[in-house]
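Sequences and hints are given; from them, build the entire structure.
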Amino acid sequence: MMTVRKIAMADATFERSPGTDAGVFAGNVIDQRHGGPITIGYGRYEPNQSIDETLAVDDVMIVLEGCLSVSTREGVLTAGPGEMIYMPKGEKVTITSYNEGAITAYVTYPHWQEPGQA
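Residues are numbered in this note's numbering as their position in the sequence shown, beginning at 1, plus a constant of 12.
I should point out that these hints are in silico values taken from the structure, not numbers from a laboratory.
The beta carbon of each residue, even a glycine, is placed where N, CA and C say it ideally should be.
One thing to keep in mind: the hints can contain errors.
Label-pair ranges, simulated between beta-carbon atoms [what the hints assert, rightly or not]:
hint : residue 1 : residue 2 : range
1    : 88        : 15        : 31 to 41 Å
2    : 83        : 15        : 18 to 28 Å
3    : 122       : 18        : 20 to 30 Å
4    : 20        : 102       : 24 to 34 Å
5    : 112       : 15        : 14 to 24 Å
6    : 85        : 18        : 35 to 45 Å
7    : 85        : 15        : 35 to 45 Å
8    : 18        : 104       : 29 to 39 Å
Structure representation (C-alpha cells):
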C-alpha cells in the first residue's frame with residue numbers, strides 16, 4: 013500500500029534513457045515496485061541532446077531547470093522552468109535540450125519501465 017511520501021532528486025538513481033546513447037538519463041523514484049498505478053521520476057538532459065520516442069504511456073514532463081522542446085507532427089512546444097508538457101500515449105515525439113541542458117520531473121500512467129528493465 014502506498015503512503016504519502018516526499019520525493020527529492022537525491023532519491024533518484026539515474027540510468028541512460030533506454031534505447032539511446034544520447035546524454036539523456038531517467039531516474040524513477042516511484043514505480044510498480046511501490047504498488048502505485050503511476051511512475052514518478054526525474055530526467056536529466058545534457059546540453060544539446062535529442063531523442064526520438066513513440067510514447068508507450070501517457071507522460072507529463074515538468075521542466076525544473078533549463079529548457080526543452082518537444083516536436084510532433086503538429087509542431088514544436090518549448091517549455092522552461094515551471095512549465096509542463098503532456099504527451100499522450102502513441103504520440104511520436106522528438107525531445108531536444110539546449111545549451112544549458114535541462115532537469116525535469118515526470119509522471120507516467122501506467123508505468124513506462126517493466127520490472128528489471130534498465
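ask   = What are the numbers of the hints the structure violates, in ascending order?
value = The structure breaks hints 2 and 5; every other hint is satisfied.
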